[in-house]
Amino acid sequence: MTTDRRSFLKLAALTAATTAASTAGASSGIDPALAKRMGPGVRWDKAPCRFCGTGCHVQVGVQNNKVVAIAGDVHADVNKGLLCMKGYHVGLILYGEDRLTKPLLRKNGELTPVSWDEALDVIADRVELDPKGFAFYGSGQWTIPEGYAAQKFMKGGIASNHIDPNARLCMASAVTGFIATYGVDEPNGCYQDLDDCDVIITWGNNPAEMHPVLFSRFMDRRSRGEKITLIDMSTRRTRTSAHADHFLRFNPQSDLAIANGILHLLLRNDSWDKDFVEKHVNFRALEADKPSLKGEAMDFEAWKTALDPYTPEYVSEISGVSVEDLHMLADLFGDRDKKITSLWCMGANQHTRGTAMNCLIHGVHLFSGHIGRPGDNPTSLTGQPSACGTAREVGTLAHALPGGRLVAKEPHRTQSEEFWNVPAGRIDPKPGKHTVAMFKSWSTPKSEEGGNIHTIWVQVTNPGQTLPNRNLLMEPGVKDPDKFLICSDVYPTATTEIADLVLPSSMWVEKSGVFGNSERRTQQWFKQVDPPGQARDDCWQIIAVAHKLFERGFEGMKDKDGKFLFHMDNPNGGTFANWDWNRYYDQNVDEHLFEEYRQFTRLKHKDLAPYSEYVKTRGLRWPVVEQPDGTWRETRYRFAEFDDPYVKPGSTHDFYHSTTGDGRAQVWFRPYEAPPEVPDEEYPMWLCTGRVIEHWHSGTMTGRVPQLRGSMPAAYCEINRQDAANLGVSNGDMVVVESRRGAVELPAWIDGRGSPPPGTVFVPFFDERVKINFVTLHEHDPFSKQPDYKKCAVRVRRLEA
Amino acid sequence: MPIVSAVLYTREDKRTDLMKDLRADTRIDVGTIWADRVPVVVDTPDRTQDKAVWRRLEHHPDVLRVELVFADFSDVHQEVS
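Chains A and B, in that order, are what the protein sequence lines are. Here the first sequence is numbered in this note's numbering, starting from 1 and rising by one per residue. Here the second sequence is numbered in this note's numbering, starting from 1001 and rising by one per residue.
Check each hint, because a few of them may be wrong.
Stated by the list, open to error - Simulated pairs of lysine-lysine, BS3-like, Cα-Cα distance not exceeding 25 Å: (1) A:K132 <-> A:K560; (2) A:K604 <-> A:K409; (3) B:K1051 <-> A:K616; (4) A:K10 <-> B:K1051; (5) A:K304 <-> A:K290; (6) B:K1020 <-> A:K560.
Said to hold, decoys possible - Here are the simulated distance ranges between beta carbons: (7) A:E128 <-> B:E1012: 41 to 47 Å; (8) B:A1052 <-> A:D586: 27 to 33 Å; (9) B:P1045 <-> A:H243: 54 to 60 Å; (10) B:D1013 <-> A:E128: 40 to 46 Å; (11) B:T1016 <-> A:L129: 44 to 50 Å.
Treat the hints as calculated values from the structure; they're not laboratory data. Using N, Cα and C, we set each Cβ at its ideal position, and we do this for glycine too.
My request is simple: use the sequences and hints to build the entire structure.
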């Protein structure tokens, strides 16, 4: 680094500190002398990308209070300087023409501007109406401090557990799979696996479109001439399949049979890892009377017998995968010299047997000993930037408390009440309603049984577009005058369209934040530009409502000492008015909340470092453990002695949160079971829904970026050429896709970007003009409560002009 | 080579010793002081020294609280320019 550059950096650092000091006090504005010396130009800072769960690091250039440039960070371990087409355009998501800038209250059917004060009063009124009927629906896009504040507001303040994130629709089955297998959530490996593996297996996963930066690691290795095998298992050909050495198309739901078939062949070929299994594995099955994630012991002989039926021939018949390919998979897992990384995401999770499927993928790796070495791990991916950090780790799920705790466990409630300094017994021991149940209750009249949810506050998500079977879960609530919907968002959406109260929110670098990505990496950023108009941070909205209630004498918003639930000290004594927007950035509220939350993280060895460590780094993977010299060390590989400080010395592998308390992971028997709805004479085709590379989830943000909207302007129905011919459909013809629940109209794309097999259509869900979730199924996994968006029965017909 | 800046929260009437200590350390630059807040930037040759300086500041009797504001991302400028 040159002296000039170093001087520049020092100046920038000092300017930032001086600005922070000045805006924290009564004076405002940058030191004029320093500003002059800095000269005009762009100020650069870091932030994780706003979109998917990969957690790419972005360099954000700001000039005149506006994001003017975006670059990939070459020193970021996650993305090594790369961004995907969405990431390169992430700055533009702030500048759509129709940003929400004022609170809006529905009066006489019209959304009408109101003051923030009135909006906060309306929410406080709804809480006081019946606190137990007030629910919160959040997301894996909440920052960690936001999710933590919402969690504390609901479970520690209102004493209601009716809070759930949209992550319930996205990765809940991954959570239950990890807990059932290892006793603790989240992957043991990390992205480095992609650099070290010999084989990648994608289980119903399309990383070429959904996690393109991770997929580029594979492409990069291949382009350098490295031998790396890609096996893509999917129900339709995708962009990932195009690069695969082996494409194994399977029938919907038959992934369960394939995994059991691999285990069957490992047994038959005597190629399983006996040493690993003997030392580190138990066998498990569901209890017959009351099935749970703990299950009951199954002896090895019984487990073997249960797998007897899963011969290659039987599995081939169910799945459509050839006997040869099933042998190929089993032979790979039987080869200990090969390092295998399995990737999965929505295909295995959005599944009425999602927990089972997750357990089986882990089971195949454990039984074959392909776990715990760099490159040799089962790795689930997430779709949202902080599904792991916020939804899973902060635990904004209806049954959870922060740091892997459960509301049903008395010691967990007691500890949480102590951390929050609220009276004993404040936290309700009964789990709240999960997403589907929450909206079902909201859509059930108050007078009827189960209709007690009267209000839902939605933040950072768009259930109007993404909930399955919307006619069942939303429409009755929209029409019921007793029901009330509050929506905090940045743009008009399918949810704000039906909401009774709309709150304009800050987004991404308009606020400070912390995200946690798919590889346990916690990443921090600072606010870099102001939000437009009256838009305000989601976290502030929560604290401000809490303070309204506190002012009204609502007991739940007081701690044991009578102080405000979100009380924060001023450094010089007295109370920091964190509920006053004009004072909100006087201190770092994120840091206060993060440090409080950090206390929760040690129980399950998800230890986080102090907030200040994340300011200095491009993220750290937990557990982050303080070293004797005062530095903080992250962990790349959990449960492996070479890297995880919590592994018992001399044990090589130690699953130290084992549900059986013996340091062993669980290999489950979970049978193949047919899906709840299959094509029949009336509805003869399968429908699969999903995403496309240009758009992120419901398209609220990417739809405002001209470059992305131009690349993929509208949803389509991807259809097989033969089916199209049979239906008399040509490319671009409008078709009706109809299920027992609803119908949509959209243009056909024959063998479009993907290529569905005969009898299957695919529709992406990003386009709010085509709400495909009127058609999808709300049936869900019994453990994770995650619905299946990947398969239901539909009929397709050409729309006559 | 870390460059880290922060705001030190102090009592306006009790920071003489702190100011003396800050000015005596060549690795530390002090910005324009606003009321009870002292902006500083610390430029050290390695993480160990960086850690030691911040630990000392955090435990200084005149410092009520340290709020980190900026950490060295020199490559950011380098990569983009």
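Each hint, compared with the structure:
{"no.": "1", "hint": "A:K132 <-> A:K560", "result": "holds, 21 Å"}
{"no.": "2", "hint": "A:K604 <-> A:K409", "result": "holds, 14 Å"}
{"no.": "3", "hint": "B:K1051 <-> A:K616", "result": "holds, 11 Å"}
{"no.": "4", "hint": "A:K10 <-> B:K1051", "result": "holds, 17 Å"}
{"no.": "5", "hint": "A:K304 <-> A:K290", "result": "holds, 23 Å"}
{"no.": "6", "hint": "B:K1020 <-> A:K560", "result": "violated, 42 Å"}
{"no.": "7", "hint": "A:E128 <-> B:E1012: 41 to 47 Å", "result": "holds, 42 Å"}
{"no.": "8", "hint": "B:A1052 <-> A:D586: 27 to 33 Å", "result": "holds, 29 Å"}
{"no.": "9", "hint": "B:P1045 <-> A:H243: 54 to 60 Å", "result": "violated, 46 Å"}
{"no.": "10", "hint": "B:D1013 <-> A:E128: 40 to 46 Å", "result": "holds, 45 Å"}
{"no.": "11", "hint": "B:T1016 <-> A:L129: 44 to 50 Å", "result": "violated, 56 Å"}
In summary, the numbered hints that this structure violates are 6, 9, 11.
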